[in-house]
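UniProt numbering puts the first residue of the sequence shown at 1, with every later residue one more than the last.
Treat the hints with caution; some may be incorrect.
Here are the simulated DSS-like pairs of lysine-lysine, each with C-alpha atoms no more than 30 Å apart in a straight line [unchecked claim]:
1. K82 x K99
2. K180 x K226
3. K84 x K166
4. K183 x K5
5. K203 x K99
6. K47 x K99
7. K232 x K5
8. K166 x K82
9. K84 x K99
10. K152 x K118
11. K130 x K166
12. K5 x K166
Here are the computed distance ranges between Cβ atoms for each label pair [stated by the list, open to error]:
13. N115 x D155: 36 to 46 Å
14. R254 x T97: 42 to 52 Å
15. D22 x V145: 22 to 32 Å
16. A186 x L35: 27 to 37 Å
17. N14 x V230: 15 to 25 Å
18. D16 x W169: 12 to 22 Å
19. A186 x K82: 43 to 53 Å
20. H195 x T171: 35 to 45 Å
21. M1 x Y164: 36 to 46 Å
22. E8 x I253: 19 to 29 Å
Source of the hints: derived by calculation from the structure; they are not laboratory data.
Keep in mind the model is a prediction, meaning the values are calculated, not measured.
A virtual CB, placed ideally from N, CA and C, is assigned to each residue, including glycine.
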Amino acid sequence: MTNFKRLEAYLNINSDYYNKVDLEMLNHYIHQYVLHVPFENINVQNKQLIALDDETMLHKIIQEHRGGFCYEQNRLFHNFLKEKGFDVYMVSATINTGKEWAMEGSHMALIVSLNHHKYLVDVGYADVPKKAMPLIRNQNEVIDVNGKFRVKHIDTYTIEMQKYKKDDWETQYRAIDISKTLKDFAAGIEFNQHHSDSIFVQKLLVSKAKTYGRVTLSNAHLTIAKNGEVQKIPVTQNNYQTLLSDYFGIDDIRIQTFEQY
1 MTNFKRLEAY
11 LNINSDYYNK
21 VDLEMLNHYI
31 HQYVLHVPFE
41 NINVQNKQLI
51 ALDDETMLHK
61 IIQEHRGGFC
71 YEQNRLFHNF
81 LKEKGFDVYM
91 VSATINTGKE
101 WAMEGSHMAL
111 IVSLNHHKYL
121 VDVGYADVPK
131 KAMPLIRNQN
141 EVIDVNGKFR
151 VKHIDTYTIE
161 MQKYKKDDWE
171 TQYRAIDISK
181 TLKDFAAGIE
191 FNQHHSDSIF
201 VQKLLVSKAK
211 TYGRVTLSNA
221 HLTIAKNGEV
231 QKIPVTQNNY
241 QTLLSDYFGI
251 DDIRIQTFEQ
261 Y
């Protein structure tokens, strides 16, 4: 059994106060996790395997101050929540890229059942609120510094995670409320690590929630979304390591995306 005490210490979890399995405790865990652990695909860019076991992922987070993408983050968070007493399971989802739907069912998210209600939890997506999203029909949206989010029911098992953009609700991904295991994501894991059509193979993406908004580093820019204002800083071979250190706390790492130039 994994010892998650190291993770709790790293995340500054207040275990003395948050010691009851309820929504307040769940939201505290989500909030602390996304503020400390970035969404990133550096392993894919460096042609290294992603971390799909607890010990490798904990080392990546605690020693390297890094994170991962959905399979790494949500798989670990699933096990952490289970260990803390939550009723949680993995679900598959399909990302809306804005132009088309990505590979069907290739995104991993989580659903937590709590007091006869369900909540969508996702610490492995680059733009989510810092709290659980209720799967309750006609429930008010979740407000975050990065915007308004909600879960919309499509049918008995299908839900959509949506964000309010440009005066309308935009679907970020469509999920199926059926419990999955890690093995069910084998095709998606293979595709998103190695296939040239995968966005994670094509582009670098490092994104981290902040109390004031979010910072995101790509091949070309560091984007700082701060209290509704957006600033962009060009990213080059000469400054990417400084930006990773200053905004994400990631030190002493080389990324092939930049080193190949």
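Here is how each hint holds up against the structure:
no.: 1; hint: K82 x K99; result: violated (36 Å)
no.: 2; hint: K180 x K226; result: violated (36 Å)
no.: 3; hint: K84 x K166; result: violated (39 Å)
no.: 4; hint: K183 x K5; result: holds (27 Å)
no.: 5; hint: K203 x K99; result: holds (16 Å)
no.: 6; hint: K47 x K99; result: holds (27 Å)
no.: 7; hint: K232 x K5; result: violated (37 Å)
no.: 8; hint: K166 x K82; result: violated (38 Å)
no.: 9; hint: K84 x K99; result: violated (39 Å)
no.: 10; hint: K152 x K118; result: holds (13 Å)
no.: 11; hint: K130 x K166; result: holds (21 Å)
no.: 12; hint: K5 x K166; result: violated (42 Å)
no.: 13; hint: N115 x D155: 36 to 46 Å; result: violated (24 Å)
no.: 14; hint: R254 x T97: 42 to 52 Å; result: violated (28 Å)
no.: 15; hint: D22 x V145: 22 to 32 Å; result: holds (23 Å)
no.: 16; hint: A186 x L35: 27 to 37 Å; result: holds (31 Å)
no.: 17; hint: N14 x V230: 15 to 25 Å; result: violated (32 Å)
no.: 18; hint: D16 x W169: 12 to 22 Å; result: violated (39 Å)
no.: 19; hint: A186 x K82: 43 to 53 Å; result: violated (21 Å)
no.: 20; hint: H195 x T171: 35 to 45 Å; result: violated (24 Å)
no.: 21; hint: M1 x Y164: 36 to 46 Å; result: holds (41 Å)
no.: 22; hint: E8 x I253: 19 to 29 Å; result: holds (25 Å)
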